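Peer 1: This is what each chain is made of:
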Amino acid sequence: MNLEKVVFAFFIILAVSLNFGFYTGDLSDPSHHHPYELFAALVVSLICTVMKFGDRTQFGSTVLASSLVVDLLLIAAAVIWGVATQSGQPVSPETMASITSLAGGALIANLLSVILLIIETSQVRK
Amino acid sequence: MSDIFFLILRRMRVPLILLISVYAIATLGMTLIPGVTPDGEPWHMSFFHAFYFVSFMGTTIGFGEIPYEFTDTQRAWVLVCIYTSVISWLYGIGNLLRLVQDDTFRNAVAERAFRLNIKRIDLPFYIICGYGETGQLITRGLVELNIQTIIIDHDPERTSSLELENLTLAPIVLNADITEAQNLITAGLNHEKCRGVIAVTENDHTNLKIAVASKLVNPGVPVICRSEIQDEADNMASFGTDAIINPYLTFGRRLSLLTQNPALYRIQNWFINQHSAEHIHQRVTQSGLPSGKWIICGYGRFGKAVEHFIRNDVNDIVVVEADPEGKNAPDTAVIGRGTEAKTLREAGIEDASVIVAASDDDANNLSILITAQQLNKEIYTIGRVSSEANHMLFVRARCDYIMRRSQVVANETLTVISRPLVTRFIQYSSSLTRTATEELIKDICLLTDNEAPVTWRLVIDEKQAPALVRLLRNDGSLTVGDVCSNKSLHREASIPLLLLRGGMSHLLPDSEAPLFENDELLLCGRRGRQLLAQKLIYNNELVDTMINNNRHHIPLLRWLHRRKSS
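Chains as they are written, first to last, in my numbering: chain A, 3 to 128; chain B, -13 to 552.
Bound conformation, chain A alone (with noise of 0.2 Å):
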């Protein structure tokens, strides 16, 4: 068994349990999407991203892609919250919508990079 292997698995289906945690319930109503929730998954995503560098094996790229676009969905998603509510108001509907969306979207990515995970996985003969 291989520690480094435990510890990158650990982290890219930690990304896609936040993700689809923060994703799930009405897609525009704000009481079903915390904002620590998306926190947590930007944060894991950006680890699992820097976890992949350096690897050049071409599912190391596609994984190193797929999380890139899961940082930038939910880097964005991020920024639409910070400016809708920089004046103390509460997310609207529309704006928690378009947030949501986008880490629908980040949840596609982050699948991917488990399916990837699990090919490779599946691919190690003893």
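There's no promise every hint is true.
If you only want the chain A side, here are some residues facing chain B, beta carbon under 10 Å, derived [to be verified]:
#1 Ile49
#2 Val81
#3 Gly90
#4 Leu113
If you are wondering where the hints come from, they were derived from the structure by calculation, not from laboratory data. Computed from a prediction, not measured in an experiment: that's the story for all the values here. Backbone N, C-alpha and C define an ideal beta-carbon position, used for all residues, glycine too.
Assemble the complex: chain A is given as a structure, and chain B must be docked to it using the hints.
Peer 2: What follows is chain B alone, placed relative to chain A:
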């Protein structure tokens, strides 16, 4: 590029993850810890404000406590965050600096620079393996010929002197193990501009390895090898090494020539040693070496080569060797090093005419030469110098002919590369008789006012001599005499040395001999002047005037005449 980029990313993984974690925890803490507004209302920092605050705190810029003044709990948390973030920054930057100094990283950067340089080459180039004294001389010679060089040597100390040499065409250097074929490929063996590989390391076996590798990787690229051991040379020849240069045999051949036919030596010397002149005394070049009694001190590879070549030209050879059995010396050999007067007297120095100091130790050779000169004032001295630094001492010791291994190899290599016809000429010229040679040398001296001539190769094809090809295609006739001399341009005249037609060489072609397309002609003429042949190759009008005798004075009439004839 990607190699270096990925290397940096890989090494920076831990510091980056640390930084992200520290920032995330600090931001999270700032949003969780409750604050108080100036009105006394409880208040929580938003993520936006928390990230803004952590960003300037982490980089120790510090814009103050915003948007409201902090509570003590918040300040305690900020205190923790300041120290952790500063430490993680220091760790990250320290890691980056260490990476820049890392050998792996530096090698990756150097290799990338090398690859880029190779990719950008647009001049024909040679790969030189081994940058010793020989490599240095060859590099300089090739740069003079405007040929790019790529040098592979494992020792960075040797190649670092190149930076100070200030060559007009800076060689590209790769510090790597030459015996690995991969490095030859990295150096551009498969590049379309690669004109050849020159293996001139100190070690024969390494040269052999280079030759094998180059011939296997790219059989079309010529390989020139230095070899001092006959077995290795035979081995090299067996798989088609294009030129094998043995400095001892080459020098031995020159000594033999100097005793037999000094005039021919003089001609060869002019043509071969165009890049760096050998140190040879005037009296030797003028009248050659006497064929009386020769003493050879030291019966190593050089001594053996000398003895082999002069055996038939000389009346008597005495070998002086400290270890006659180990070196397989003849039975008549005198035992000793030759550095003492006693040994030299025993060898009969008083009535000897030439002494060759052939040991591989410079100090011993100097001692032999000086002792010999004291015992016999008239003796001709030939010394072998191993280290370039001692050359000056041999000159001071009034040595008549100095054998510098590296120079012999370098000049020979440069001749093979840049003047293939000269190599052919030298090969065939040994068949010239003594009188024919003296005749030729008289002609050359008359042409150049006793100075060393230059050689030039005329190739009659569409690319290199369009004007001459046009003349030939218009049913004009061209003779060797036409391109070599003309009554009105006598200072630009040249002497034809060799005519190459369809792989057949004709030595000293007659001036009436006709020239055809694809012929190659080796000419020699006055230094520093454009030869008539060089003027003719591109100039249609000059060809018309000089060879077709279209000698109207008025340009218009000349033009009309030319139109009519073509």
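Peer 1: With reference to the structure, classify each hint as holding or not holding.
Peer 2: Results for each hint:
Because the beta carbon of A:Ile49 sits about 5 Å from the nearest beta carbon in chain B, less than 10 Å, this interface hint is met. The beta carbon of A:Val81 is positioned within 10 Å of a beta carbon in chain B (closest approach about 9 Å), and the interface hint is therefore held. Annotation: A:Gly90 was flagged as interfacial toward chain B, and the flag holds, the nearest CB pair being 8 Å apart, inside 10 Å. At about 22 Å, the closest approach between the beta carbon of A:Leu113 and any beta carbon in chain B exceeds 10 Å, and the interface hint on this residue is violated.
Consistency with the previously given hints fails for number 4 only.
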